[in-house]
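When we follow the numbering used here, the leftmost residue of the sequence shown carries the number 1, and every step to the right adds one.
In short, the hints are calculated from the structure, not lab data.
All residues carry an ideal CB built from backbone N, CA and C; glycine is no exception.
One or more hints might be untrue.
Label-pair ranges, simulated between beta-carbon atoms [stated by the list, open to error]:
no.: 1; residue 1: A238; residue 2: Q38; range: 17 to 25 Å
no.: 2; residue 1: A238; residue 2: Q116; range: 45 to 53 Å
no.: 3; residue 1: R268; residue 2: P133; range: 32 to 40 Å
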Amino acid sequence: HPTWWWSKMAFWILPLSTPPYGEGLAGFQHVEPTWATQIVVPLWYLRAYLWYVLLSPLLLRALRRFPVATLCAPPAMVIVMNAFFVDQEFVYSRVWETANDFATFGACWILGMAHQEGLLKKIPQYVLPSVAPLIMVAGLWYLQTRPVDPTVATDIEAWPIAQALWSFGFVAILLHVSPSWDRWPRPLERWNGLISLLNSRAVSVYLWHQVALVVAIPLIDPLWSVPFFYDNLQWLLASQWFTLLVAIPVLGLLVLTFGWVEDVAARRSPRLLPYPRRLRGRRRATD
1 HPTWWWSKMA
11 FWILPLSTPP
21 YGEGLAGFQH
31 VEPTWATQIV
41 VPLWYLRAYL
51 WYVLLSPLLL
61 RALRRFPVAT
71 LCAPPAMVIV
81 MNAFFVDQEF
91 VYSRVWETAN
101 DFATFGACWI
111 LGMAHQEGLL
121 KKIPQYVLPS
131 VAPLIMVAGL
141 WYLQTRPVDP
151 TVATDIEAWP
161 IAQALWSFGF
171 VAILLHVSPS
181 WDRWPRPLER
191 WNGLISLLNS
201 RAVSVYLWHQ
211 VALVVAIPLI
221 DPLWSVPFFY
231 DNLQWLLASQ
241 WFTLLVAIPV
251 LGLLVLTFGW
261 VEDVAARRSP
271 RLLPYPRRLR
281 GRRRATD
């Protein structure tokens, strides 16, 4: 209803649904008209994550009582939604969008809960590495059978069923392997700092990476007015890789500015740069 437009603004603060009105915001100097829509895109992750957290007590109870049915429910849900109801009028509504994302990655969340509960250890060791690749193959098969534009690379994100099956199988394999080290293997020791840093700021990197890419455009555009760049480096200015290269330090500044929120959320002491310290000449492995 038009008079309730203000209530939708709450989704920018508590993203139970997609924040509205992003596509209606105009661009400005050197910034594309779609800048707001691009920035909103990563917020689907917060929306899905929030619903997983809110429903975790219910999901945990269901998992303990009906483990197989609970684990299979999200893939079944996404298959039913996208195979039988995709042409309905309510598709792409707020409720549909939220439910679809929840179902697409719900099995991965429940797999993590099953891993923490020790349920995966109760099944024979050969089951997961035998079944999980078959689920991934099923996802790839479904993806390859979809009608696509031959001029555009096949995008798994455009097909929730394929993405759900592939993600389900892949996470199952990772949790089956699930290495836990008191110390890093020697070939990996040199990467411990970078991996630990990214683990501590993974959500920040994901949520702010699109902002960094949007900001990179107005930083690059003025270079077209510089004669040297225009005469000799047009190929570089037009390259997506150069945009990414410019976005990386911007992303670093954003994570440095806002990343400490992850420490607060995890009930850790806020740190500006959570780079691990050396302990007794060796670096500890992080989970």
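Taking the hints in turn, this is what the structure says about them:
Our hint of 17 to 25 Å for A238 and Q38 holds, since their Cβ atoms are close to 19 Å apart. Look at A238 against Q116: about 47 Å separates their beta carbons, and that is inside 45 to 53 Å. Distance hint check for R268 and P133: the Cβ-Cβ separation is about 37 Å, which falls inside the suggested range of 32 to 40 Å.
Violated hints are absent here; each numbered hint is respected by the structure.
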